[in-house]
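There are 2 protein chains.
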Amino acid sequence: MSDASRADRDCWIGFDLGGTKMMAAVLDGDMKPLGKERKKTKGHEGVEIVLERIIKTIRDALADAEAAPSRLAGIGVGCPGPLDLERGVVIDAPNLGWKNVPLKEVLEKAFDCPAVIANDVDAGVFGEYHFGAGKNARCVIGVFPGTGIGGGCVYEGKILRGRNRTCMEIGHVQVVPYGPLCACGQRGCLETVAGRMAIAAESAKAAFRGDAPHLMETAGADLANIRSGALASSIKAGDKVIERIVREAAGRIGVAVASVIHLLAPDVVVLGGGLVEAMPDLFVGSVAKSANKHVMASYVDSFRVVPCALGDDSTMLGAAAWARDVVSAAPRK
Amino acid sequence: MSDASRADRDCWIGFDLGGTKMMAAVLDGDMKPLGKERKKTKGHEGVEIVLERIIKTIRDALADAEAAPSRLAGIGVGCPGPLDLERGVVIDAPNLGWKNVPLKEVLEKAFDCPAVIANDVDAGVFGEYHFGAGKNARCVIGVFPGTGIGGGCVYEGKILRGRNRTCMEIGHVQVVPYGPLCACGQRGCLETVAGRMAIAAESAKAAFRGDAPHLMETAGADLANIRSGALASSIKAGDKVIERIVREAAGRIGVAVASVIHLLAPDVVVLGGGLVEAMPDLFVGSVAKSANKHVMASYVDSFRVVPCALGDDSTMLGAAAWARDVVSAAPRK
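Top line first, the protein sequences correspond to chains Y and C.
Per my numbering, residue 1 is the first one in the first sequence, and the count goes up by one each step.
Per my numbering, residue 1 is the first one in the second sequence, and the count goes up by one each step.
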C-alpha cells in the first residue's frame, strides 16, 4: 500500500490523547481504518517528551497502515480540556501536566498537514454519531458518567460548542437545590449524586454497615477500590443494596437527561464510560426509564437511550471524522 | 412606491399570529420595515374566517407599505405550537381553536410565494438575534416568563429545534425534585415556581394575610387580577414582600439559566414577556445575579443577561428574517 511518491492526500489521523494512554488510527477518505498504534502517555516525563511520543505514535500508526506521511490530509486530536479551539492550544490539562501547549502548531509542523483539536468527550460523541450508536441521527447527546459526568452534543452533523470552550457540561446541571458540594464549587450538581464518587461513597457506607457483604469482601470500604468493576461484581454476586444505589444514581442522570430532552429534543442519547460499560443493561435501562418518567407527555419515547458502540475507540475515530469535516469545509489557503 | 409591473420579488412579510391579536409587517430585502397592520384574532369565529383575516391583514400591510403582492419574496409566520415545521401545519393551538391547519399551504396559494412557519417564541428569539438585544451573537438564549416560561435558542444564526417540534422548553426543566405539580403532568418544573401563576399565588397569599396592602387594595387576592402591571405597581407603592417574591422567582429562573449556560454556553440571554417588561431592572438583575451565582467559576460573566429590545414586535420581525434565511438557502425549484 505504501506509495511515498503519490501526491494524493487521502489519509486521516484520529488521535485520542488520554491521561493514561494515547491512541492513533489511520483512516482513508471513506473513514475506513487502515492501521493503528497505542502507547502509554507518561505525562510526568514532561511536555516535550510527550509531544515527541505523540508524533512517534502517529508515525507508527502510519507504518502499521503502510501509508507514507505525505499521504496525510489532516490530523484530529481529542484532548482533555479546557482548550483554545481556534488556536489549537491545550490550555490546562492536569492529567497531562500541560498548560498552554500549542498542540495544533506542533503537529502541523511535524506532518505538514492541517491539525484540528477537539474536546475528548465531544470527539467521542462525534465518533458515536459518525460510526456508532447514534449513526447519522439529527441530534445526538452523549453522557459519560465517571468521576465527573461528561456530556456532548452533535446537532445536524456539528459538535455544539461554546465560543472558545466545550459546552454540554451535563455533570454540572443542578439536580438537588442546596445539595452536596461539587468539585466545581456549586452545590447539587448531577455529579455530586450520580458520579462514580457519589456511588462509591454510598456503596462504601452500605458495605461498612454490613449490607453489601460481597463488595466488602472484594473491595472493602475504601472509595479508591470501589470502581466500576467491583460494583458490577458485587451486584452479580447478590448485593441488592448496591444494585439499588446504582439504579438510583442512573435515575438521577435520567432526570438531568429529561431536562436536556426538553431543551434540545435529541433523537438519541448515547451512554458511555466505565460505569456504563461495566453494567450496560442496568445503567441504560435505568436512565431510559427515568428520562421517560420525567419528560412531558409529548416527549415520551421521542428518543432512544443506547450504550456506546465504539467503546474506547470513540474519541480516536470521532477525532478523525471531525478533522475531515472541518478541513474539507475550510477555505483553501 | 407601488409598482405592480416590476418582477423583482424584494419584499418579505413577517407575521405574528397570537391568540388575541395578529400583526403583519412588510420588510424589504435589507429587512427595513416598509409598512404594517394589526387586527384582533377572534379565534372563536372559526378557522376559515381567521385564515381570511390573516390574508386580509397581509394585504393591508402591503397596502400600508405601498407594495404590490407581486413583490412578495416570502412570508414568515410565528405561530403558537406544536407545529409540523416541514409541512407547515399548525397541529394544535388551543388559543386559536386550531387543529391541523395547513397554514403554509393556504398562504402560498393566496400569495404565490414561499411561506415558512416557526414557533412564536423561536421567531421572537430570532428577531432579537437579528435586530435586537442579541444582535449577531454566536449563541442567544431567549427566556420569556409568563403563564408558562417559553424558551428559544439561536445558535450560529440558526434556530435550534427538535425534529418536528420546537425545543428549549426551559419552563419544564426540573428545578425542585418532587416539587409542585405542573400543567405538563411533571413535578417541580421551573414554571411551577417561577411562572406568573406561581408568583400570583404567592402574592395572593401575602395580600390575603395583610402583608401586601397595596396589592390587596388594587388587585385583591384573586389570581386572575394579579397580573404583571399590578405586581409592578404594588412594588412601586412599597409592598416589600411582593418585591421579594418576584426577586426569588427570577432567582429560580437564574438557576435554570445556569444549567442552560453549562449546556450551551450562550453569549447572550434575552429576557422578555409581560413580567420582564413590567419590572425590567428587578427581573433582569435578579436573573443575572442568580445565574452567575450558580455557574462554575469558568462561566461567571461569560454571558450577558439583557431585556428584549423589540418588545411586541420580536416575533413578527424575527419571522420575516427567518423566512428570508430559509427561502434564500433553499434550492430553487
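Quick caveat, the hints were computed from the structure, so don't treat them as lab data.
All C-beta atoms in this analysis are idealised placements derived from N, C-alpha and C, irrespective of residue type, glycine included.
Mixed in with the good hints there might be a few duds.
What the hints assert, rightly or not - Some but not every residue of chain Y turned toward chain C, in silico, with C-beta under 8 Å:
(1) H262
(2) A297
(3) V300
Stated by the list, open to error - Each pair of labels, with its calculated beta carbon distance range:
(4) K289(Y) - P69(C): 48 to 58 Å
(5) P69(C) - P177(Y): 20 to 30 Å
(6) N136(C) - A329(Y): 15 to 25 Å
(7) N225(Y) - K99(C): 19 to 29 Å
A quick look at each hint next to the structure:
With 8 Å as the threshold, the beta carbon of H262(Y) comes within range of chain C, its nearest partner Cβ sitting at about 4 Å, so the hint holds. The restraint placing A297(Y) at the interface with chain C holds, with a minimum CB-CB distance near 6 Å, inside the 8 Å limit. For V300(Y), the shortest C-beta to C-beta distance to chain C is roughly 10 Å, which exceeds 8 Å, and the interface hint is violated. Our hint of 48 to 58 Å for K289(Y) and P69(C) holds, since their Cβ atoms are close to 54 Å apart.
For P69(C) and P177(Y), the hinted distance range of 20 to 30 Å is not satisfied, since their beta carbons lie about 55 Å from each other. At about 21 Å, the CB distance of N136(C) to A329(Y) agrees with the hint of 15 to 25 Å. Between N225(Y) and K99(C) the C-beta distance comes to about 60 Å, which lies outside the given range of 19 to 29 Å.
Hints 3, 5 and 7 from the list above are not met by this structure, while the remaining hints are.
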